[in-house]
Amino acid sequence: VEVLVVLCLVVGILPALTVEPILAVAVAGVLQGPPPDHDLAIWHGASPALWMSVIALTGGGSVYLGRKPLFAFYERHADRLEARWLYDRLLNGLFALAGALTRLLDTGSLQRLLFVTILSALVLGVAGFLGAPGPLTGVRARLPMDGVSLLATVGLMAAAVGAVVLHRQRLVALILMGAVGLVIALIFVKFSALGVYLVVVGATLLILIHLGLMHRASRRAARASLASASSPPGAEGAVEVR
Amino acid sequence: MEALIAPIIGVLTACGVYLTLRPRTFPVVLGLTFLSYAVNLFLFAMGRLTIGQPPVIAVQAAGYADPVPQALVLTAIVISFGMTAFVIVLALKARAELGNDHVDGRHEP
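These protein sequence lines map, in sequence, to chains W and D. Heads up, the first sequence is in the numbering used here, so the first residue is 101 and it goes up one at a time. Heads up, the second sequence is in the numbering used here, so the first residue is 69 and it goes up one at a time.
Mixed in with the good hints, there may be bad ones.
Stated by the list, open to error - So the derived label-pair ranges between C-beta atoms look like this:
| id | chain 1 | residue 1 | chain 2 | residue 2 | range |
| --- | --- | --- | --- | --- | --- |
| 1 | D | Met114 | W | Leu294 | 17 to 23 Å |
| 2 | W | Pro235 | D | Lys161 | 45 to 51 Å |
| 3 | W | Gly247 | D | Arg116 | 40 to 46 Å |
| 4 | D | Gly167 | W | Gly225 | 36 to 42 Å |
| 5 | D | Arg116 | W | Arg189 | 54 to 60 Å |
| 6 | D | Asp172 | W | Pro235 | 42 to 48 Å |
| 7 | W | Gly208 | D | Arg116 | 41 to 47 Å |
| 8 | D | Glu70 | W | Ile122 | 57 to 63 Å |
| 9 | W | Leu250 | D | His170 | 37 to 43 Å |
Unchecked claim - If you want the ones that stay clear, here's a sample from chain W, every Cβ over 12 Å from chain D, calculated:
| id | residue |
| --- | --- |
| 10 | Arg189 |
| 11 | Ala221 |
| 12 | Ala258 |
| 13 | Met277 |
Derived from the structure by calculation, the hints contain no laboratory data. Glycine residues also receive a C-beta, built at the ideal position from the N, C-alpha and C atoms.
Required output: the full structure, derived from the provided sequences and hints.
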């Protein structure tokens with residue numbers, strides 16, 4: 101122990117003579133270059149570190165000086181002062197809060213959950229834009245517009261809006277969505293992405309086929325359930341197999 | 069051109085969000101497809117739009133199309149397509165099990 105104390109004292113009182121070379125080597129190793137200009141001093145002035153030391157010393161000293169009343173206080177209340185009570189209270193409160201929040205958001209409705217998800221994405225996105233004031237457009241000159249592109253854009257928007265308006269007529273909506281997909285593929289061709297074009301066309305066709313099958317299956321199921329509703333319950337099995 | 073792409077993305081997103089919030093499974097799948105189209109276009113437009121640039125190395129080419137957003141879009145298309153197929157199968161299964169195509173599986177009056 102005495103050796104350690106002597107070591108501490110030596111380093112503390114004469115830092116420039118003892119640890120300076122080792123420190124220089126370590127700094128050079130970490131920074132991967134020559135160490136910056138530095139000066140190991142004992143007095144750095146009234147820096148925040150000094151104030152932190154002062155606060156720590158004062159607090160520790162006052163606790164030490166007032167230890168007798170504190171010990172007496174502990175002796176009197178030792179059996180009642182339990183962190184467990186606080187922990188239980190806090191945990192139960194958090195559980196109740198989480199349960200209330202979950203009941204508020206999740207009413208068993210997918211629409212509501214989706215709405216909350218989309219709304220939070222929107223709010224967070226807008227908040228990000230509001231928080232960082234920057235230009236929305238860059239310095240690059242815009243590409244020139246041409247008539248065919250304008251026509252394609254208008255057609256795409258019309259098809260998309262039409263699909264939304266007519267989404268109850270599933271086959272019509274499906275055809276309009278196919279049109280949207282193909283115009284998007286043409287957009288990729290226009291902006292020199294031929295590989296993406298091929299994949300978009302393929303994916304669009306496959307999605308169309310899938311959705312068409314879904315449409316057919318649901319129509320067949322609807323017909324079957326209609327038939328089973330009008331026929332005796334013996335036809336129940338045919339609906340299940342479908 | 070950018071002034072055309074931006075409204076396209078906006079309209080597709082709006083349509084997608086509206087359809088996604090519908091109570092039937094078919095419009096929800098349709099809306100997810102619209103949303104994925106919008107996201108694909110957005111990802112692609114992130115890497116700047118270029119017209120008429122060769123995608124692979126040519127001798128007398130002045131510049132090339134940026135391959136990074138294209139790769140991103142390809143990945144996004146494949147993922148969204150897989151997800152759409154999965155959602156369709158899920159919707160069909162729910163339709164067969166529950167007897168209706170409401171997203172919550174409840175019977176409509």
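These are the hints, each one checked on the structure:
1. D:Met114 / W:Leu294: 17 to 23 Å: 19 Å, holds
2. W:Pro235 / D:Lys161: 45 to 51 Å: 49 Å, holds
3. W:Gly247 / D:Arg116: 40 to 46 Å: At 23 Å between Cβs, range violated.
4. D:Gly167 / W:Gly225: 36 to 42 Å: 39 Å, holds
5. D:Arg116 / W:Arg189: 54 to 60 Å: At 57 Å between Cβs, range holds.
6. D:Asp172 / W:Pro235: 42 to 48 Å: 44 Å, holds
7. W:Gly208 / D:Arg116: 41 to 47 Å: 45 Å, holds
8. D:Glu70 / W:Ile122: 57 to 63 Å: 59 Å, holds
9. W:Leu250 / D:His170: 37 to 43 Å: 40 Å, holds
10. Arg189: For Arg189 of chain W, whose nearest Cβ neighbour in chain D is about 37 Å away, the distance exceeds 12 Å, so it holds.
11. Ala221: 10 Å, violated
12. Ala258: Answer for Ala258 of chain W: violated, closest chain D Cβ roughly 10 Å.
13. Met277: With a cut-off of 12 Å, Met277 of chain W comes too close to chain D, as the shortest Cβ separation is near 6 Å.
Checked against the numbered hints listed earlier, the structure breaks hints 3, 11, 12 and 13; every other hint is satisfied.
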